[in-house]
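Novice: Here the structure of chain G is known, so what remains is to put chain R in place on it, guided by the hints.
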Amino acid sequence: MGVLGSYRMRLARKRLRIRARRKSFELKQITDRTAQVRTDDILLFSTQRNEKVRLPYFLEYYRDMGVSHFFIVDNDSTDGSADYLADQPDVSLWRTKSSYKNARYGVDWLNYLQSKYAHGHWCVVVDPDEFLLYPFCDTRPLRALTDWLDSCSIRAFSAMLLDMYPKGRLEDQQYQPGQNPIDIACWFDSGNYTMSRNPLYGNLWIQGGPRSRVFFPKEPTRAPALNKVPLVKWNRRYAYVNSTHMLLPRGLNLVYDQRGGEKASGILLHAKFLDTFADKASEEIERQQHYAGSYEYRAYAQGLTEDTELWCKWSEKYINWRQLEILGLMSKGNWA
Amino acid sequence: MSVGVVMLVHTAFGRAEQVVRHWSAAGCPVVIHVDKNVSRKAFGAFRQSLANVPDVSFSKRYRCEWGTWGIVAATQTASEQMLASFPDVRHVYLASGSCLPLRPVQELVDYLADRPKTDFIESATTADVPWTVGGLDAERFTLRFPFSWKRQRVLFDCYVALQRRLRVNRRVPGGLLPHMGSQWWCLTRQTLSAILQDPARAEYDRYFRRVWIPDESYFQTLVRQYAIKIESRSLTLSKFDFQGKPHIFYDDHLQLLRRSDCFVARKIWPHAHRLYDAFLTDPSGAMKKSEPNPGKIDRIFAKAVQRRTRGRAGLYMQSRFPREDWENEVTAAPYSMFQGFAELFENFEPWLAKATGARVHGHLFAPEQAYFAEDQTVMNGALSNSATLRDYNPHGFLTSLIWNTRGERQCFQFGPRDNQAINWRIATDPNAQISVISGAWAVPLFRSNANFLDLRKAAAQLQRTESEHLDVLRSTWIKARVRIWTMADFIEAPMEPLQTILDEIGPTAQHRLSEVPRMVDLNGFGQFLQNLKNQGMHPYLMGDFPVEQGDAVVDRDRPRKPYLVR
Numbered sequence: 001m002g003v004l005g006s007y008r009m010r011l012a013r014k015r016l017r018i019r020a021r022r023k024s025f026e027l028k029q030i031t032d033r034t035a036q037v038r039t040d041d042i043l044l045f046s047t048q049r050n051e052k053v054r055l056p057y058f059l060e061y062y063r064d065m066g067v068s069h070f071f072i073v074d075n076d077s078t079d080g081s082a083d084y085l086a087d088q089p090d091v092s093l094w095r096t097k098s099s100y101k102n103a104r105y106g107v108d109w110l111n112y113l114q115s116k117y118a119h120g121h122w123c124v125v126v127d128p129d130e131f132l133l134y135p136f137c138d139t140r141p142l143r144a145l146t147d148w149l150d151s152c153s154i155r156a157f158s159a160m161l162l163d164m165y166p167k168g169r170l171e172d173q174q175y176q177p178g179q180n181p182i183d184i185a186c187w188f189d190s191g192n193y194t195m196s197r198n199p200l201y202g203n204l205w206i207q208g209g210p211r212s213r214v215f216f217p218k219e220p221t222r223a224p225a226l227n228k229v230p231l232v233k234w235n236r237r238y239a240y241v242n243s244t245h246m247l248l249p250r251g252l253n254l255v256y257d258q259r260g261g262e263k264a265s266g267i268l269l270h271a272k273f274l275d276t277f278a279d280k281a282s283e284e285i286e287r288q289q290h291y292a293g294s295y296e297y298r299a300y301a302q303g304l305t306e307d308t309e310l311w312c313k314w315s316e317k318y319i320n321w322r323q324l325e326i327l328g329l330m331s332k333g334n335w336a
Numbered sequence: 001m002s003v004g005v006v007m008l009v010h011t012a013f014g015r016a017e018q019v020v021r022h023w024s025a026a027g028c029p030v031v032i033h034v035d036k037n038v039s040r041k042a043f044g045a046f047r048q049s050l051a052n053v054p055d056v057s058f059s060k061r062y063r064c065e066w067g068t069w070g071i072v073a074a075t076q077t078a079s080e081q082m083l084a085s086f087p088d089v090r091h092v093y094l095a096s097g098s099c100l101p102l103r104p105v106q107e108l109v110d111y112l113a114d115r116p117k118t119d120f121i122e123s124a125t126t127a128d129v130p131w132t133v134g135g136l137d138a139e140r141f142t143l144r145f146p147f148s149w150k151r152q153r154v155l156f157d158c159y160v161a162l163q164r165r166l167r168v169n170r171r172v173p174g175g176l177l178p179h180m181g182s183q184w185w186c187l188t189r190q191t192l193s194a195i196l197q198d199p200a201r202a203e204y205d206r207y208f209r210r211v212w213i214p215d216e217s218y219f220q221t222l223v224r225q226y227a228i229k230i231e232s233r234s235l236t237l238s239k240f241d242f243q244g245k246p247h248i249f250y251d252d253h254l255q256l257l258r259r260s261d262c263f264v265a266r267k268i269w270p271h272a273h274r275l276y277d278a279f280l281t282d283p284s285g286a287m288k289k290s291e292p293n294p295g296k297i298d299r300i301f302a303k304a305v306q307r308r309t310r311g312r313a314g315l316y317m318q319s320r321f322p323r324e325d326w327e328n329e330v331t332a333a334p335y336s337m338f339q340g341f342a343e344l345f346e347n348f349e350p351w352l353a354k355a356t357g358a359r360v361h362g363h364l365f366a367p368e369q370a371y372f373a374e375d376q377t378v379m380n381g382a383l384s385n386s387a388t389l390r391d392y393n394p395h396g397f398l399t400s401l402i403w404n405t406r407g408e409r410q411c412f413q414f415g416p417r418d419n420q421a422i423n424w425r426i427a428t429d430p431n432a433q434i435s436v437i438s439g440a441w442a443v444p445l446f447r448s449n450a451n452f453l454d455l456r457k458a459a460a461q462l463q464r465t466e467s468e469h470l471d472v473l474r475s476t477w478i479k480a481r482v483r484i485w486t487m488a489d490f491i492e493a494p495m496e497p498l499q500t501i502l503d504e505i506g507p508t509a510q511h512r513l514s515e516v517p518r519m520v521d522l523n524g525f526g527q528f529l530q531n532l533k534n535q536g537m538h539p540y541l542m543g544d545f546p547v548e549q550g551d552a553v554v555d556r557d558r559p560r561k562p563y564l565v566r
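Just so you know, the sequences run in chain order G and R. Last residue of the first sequence: 336 in the numbering used here, with the numbers rising by one and none dropped. Last residue of the second sequence: 566 in the numbering used here, with the numbers rising by one and none dropped.
Some clues are possibly wrong.
[Claimed, not checked] Residues on chain G that point at chain R, a partial pick, calculated with CB under 8 Å:
1) F136
2) N192
3) E262
Simulated from the structure, these hints should not be mistaken for laboratory data. The C-beta atom is built at its ideal place from N, Cα and C for all residues, glycine as well.
Isolated chain G (complex conformation) (with noise of 0.2 Å):
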């Protein structure tokens, strides 16, 4: 790419910060707690909306990590998770009665929210059913691996998404609040992922799991993207693009190595699939507020109601981060 295209980067970058500044008016705080960050704090960012449910497992995975602040946007929320999380110490609240589509899927809300709060620290962001796993997360803490990525300059860490299913029926077995998802839903497609290099933007672009094969074996190309960026040493000029796919500056999405070595790599495990999903899937269909005109939504909802099961011969069930290390999902790197 030459001084043009970098210059139209910058220009788009621009141009993202200030549609967020924008979309910014459309936050109202609820609660502050901000005054409690420390400058070497990791923070994490989210939107939610209706996942009371979910939440106190959510909150709990992550304050165990070492997340020390959480910045939650709710979307208009009716279930009284806005009051929870209200509640919470470590909570810091902003609610908006605004499109969530318009808000490109909330990454303004929050590209917004990361510039004000987050120059400077390592920032986690993930949705209420996204949970990250990294190399030696079981016996390291999250500030163990921010402080290896300081030390190698590195700003930018990939996990890339893996979707979880339950064996049998979503509905089968019922979602308790607090408990962890992944012990219902503990199976997931292990090598069926492909993937390509984007040219604009640097990132890779993966997709496969169970949603291409089960929902999108007729049209791959509208499977969902499954490359994440979910932890990055946090400037106020960065700018995420496209959900936490990719981001801007173009440097931050080279978290892959392109001469044969291995980068260290974690992964998002996407609890999606429990019994909370048809109620959402209908909801959602409903709202027209998600990607492509809910369009995955409708496919699950097709493909739910016949009763079709994610769970295959060949779907492999979940033990832990060093199972999916051997499998070639993440990577160590040269962390160890």
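Specialist: Relative to the frame of chain G, chain R by itself:
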């Protein structure tokens, strides 16, 4: 006490204080150098925290930046202070604030007392070791490096380039032979004082001030002038990764460190509470008094570097996506592709599976679907048999299949009807074994019940496709093991090539072939080809087939069997 510790500290003062107290409690005097970049306030607090510890002093502060002279200057001053204020000290141990003593200090003292004349310092000539990172090895002694690599990278690089251009070649003073090695050493008073009191020291210092990373070469070079007995190894366990940064130890390395029998390890993560608790508060006399043996740790870190630089062959994932020709093996394991065999033999697939023990698939790249072994709809790794998904990324499909089935040989059928997008990929893959019977695609046409005009059209199309594929397989860029026979040649003596292929596939088929696959009935095939020719479509890939009318009547009931080669 005979061992003194010179400690360089720049961060994590809480941990440094703990370690200083540990050394001091064992009776070792400590001289501490604190980086001048540390704020006065933090320094004051640190100094205050150690005020009540005996035999601890602070030396003059220098600005220490990685790769610059400051670290050597700091070491010199602190060592001088150590030698001057503690006349009993026989060995001086250079350590950092993130070093952690693994064995009781008394053991180190005894160990050194047994070797009163030995200097422990890693020291090797640049020509003999490939340690250096970034391409500057001999040049770090012949060029000048006044700029900081971390802060003034552009200036640094430009100045190096300029000097190369001008052929700058600094003279090493006093006929010294430059040596390099780990920064962390343990020297005897005799050697250290000889270095520090050398009449030519000013000249040496002036030279090393502009050497790149002098802390890894100053003492390592000069020690060769004076030492009586050098053990060229560091007593500090310290491993470096591929960028020259030290590996860091965490709580989960506890057992590994215990078993290493090393005296001191670096670098420890400041929040590794379990390590500090275990090694500093535990008297830990359990550790046996033996020579340091960091073998296992070495292996783990060597593997980490290997993973980062070479990666796992044949793996494509979120953090390993090699550019073409940088793959270090396109696929994860050897596999075989057969073209024309399933057409020529009726039961080729089950026969091959039995003869080799390999997993034998049908046409993986067939237009309708991927025909996996045993008619499975999903394969290892939940790989779908959908043709759309496969053709969305055929390369990925193949590499995923081979990766997912590591440990089990994969064989599959291929032909001109199939998706040809992977031809180059497979042909340039050293793991591929390709066997082709050219022209065998005509056999299913011959046996089919279609109209002749359609057959003619299909034959022309298939012949063109296979011919293009054969061009690929005969190009000069091929890395696969390729064998091509015309069909006519092959059926002359089919068992010989089959035996060769099986032998190559592996040890599962050690014995000679006892059972042979059944060849399809080819009576009338010659005539079929002739008919195509008569229609103006010349099939040439299968070689020369005689028209052979007449003799078909004799053994119509008994299809021809290939004979065995003994």
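Novice: All hints, please: hold or fail.
Specialist: Outcome of the hint check:
1. Checking F136 (chain G) against chain R by beta carbon gives a least distance of about 6 Å; that is within 8 Å, so the hint holds.
2. The beta carbon of N192 (chain G) comes within 5 Å of a beta carbon in chain R, closer than 8 Å, and the hint placing it at the interface holds.
3. Checking E262 (chain G) against chain R by beta carbon gives a least distance of about 4 Å; that is within 8 Å, so the hint holds.
Every hint, counting from the list given before, is met by this structure.
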